[in-house]
Amino acid sequence: MMTSGRHLLAALVVVSLLSASRAQSDLESPEEGGFSVLPGCGTQKMDLMLVIDTSENEAAFKEFQDFASDIIRFANPDTGLVRVGVVAYSSEVNHRIRLSDYSRTADLVSAVESLKFQPGRRDTSGGLQSMRQLFRETLGDRPDAPNVALLLTSGNSVLRTEEVSKEGRLAHDADINVFVVGVGVQDEREINDIVSSPTDETKYLVDSTDDLEWMPDVVFNQMCISESIHHFKGIRFRPCETHFPILSVIPVAFPSFKTYLFRKAFT
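Numbered per mature numbering (1 follows the signal peptide of the UniProt record, and there is no 0), the sequence shown spans residues -23 to -1, 1 to 244.
No lab work stands behind these hints, which were simulated from the structure alone.
Careful: at least some of the hints might be erroneous.
Capping the alpha-carbon separation at 20 Å, the derived lysine to any residue pairs in SDA-like fashion look like this [said to hold, decoys possible]:
| no. | residue 1 | residue 2 |
| --- | --- | --- |
| 1 | K143 | S68 |
| 2 | K93 | T115 |
| 3 | K39 | F94 |
| 4 | K39 | K143 |
| 5 | K93 | A36 |
| 6 | K22 | S68 |
| 7 | K22 | T115 |
The task is simple: from the sequences and hints, build the whole structure.
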């Protein structure tokens, strides 16, 4: 695809998101750290699984709970467009929330905030496997909604490390668009096996949980852009050809989101 074609595609995404946002003008986008979700995010169908690593320490777990709660608020399941499920794991999966379990945003946030800290030796493959298995119609997965997963982890897998790449591949084969937010990850190759392509749009690695505060809306915005671009291409989850093509077509109407993308790309 020529550069002009990519920019036209991104422009169509913005127009689509704006049109959808006007249809829900009575709903205010939640804000985080002075920035807000791109208009139109949360106005398209999505089935989202949040995979939360509880193995490291209680402070990191609390930060992941807050991150997941912010994502849920941005997704706003109250509209009926986005369904959210949860997997919490350490050395084994210790909690599951199916996509069909909650339809109200407040109830789902409360369920996430009620999760108990369960330390252990990190088995990332087990968390990914459970996530993939929860994408079933009998458990609330919708055939007309794209499947997205977000892994929140505080390090590389300790148990069954050889299974991680296999589970990543199985998730991709199942048309699950996988994002990862990682804190203190030592071996980036493992994360590259998990995330969907292009990795620079689905992988968010930081050194400290302090860096998580500004990220929830950045990640959710990227999910929206990815899903919209794939929709316009008519092919689910085919990788975009450039990093953040939307940057060149977002006018001053979206200065905060553009600033976020710039900060992510160049800091």
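Verification of the supplied hints:
Distance check on the hinted pair: K143 and S68 sit about 18 Å apart at the alpha-carbon level, within 20 Å; holds. Simply put, K93 and T115 have alpha-carbon atoms about 27 Å apart, too far for the 20 Å limit, and the pair is violated. In summary, the hint linking K39 to F94 is supported, as the alpha carbons are separated by about 8 Å, within the 20 Å threshold. For the proposed pair K39 and K143, the alpha carbon gap of about 29 Å is over 20 Å, so the pair is violated.
Under the criterion of a C-alpha separation no larger than 20 Å, the hint pairing K93 with A36 is consistent with the structure, at around 12 Å. This hinted pair does not check out: K22 and S68 have alpha carbons roughly 33 Å apart, beyond 20 Å. The suggested pairing of K22 with T115 holds, with an alpha-carbon distance near 18 Å, which does not exceed 20 Å.
Going through the hint list in order, the structure does not satisfy hints 2, 4, 6.
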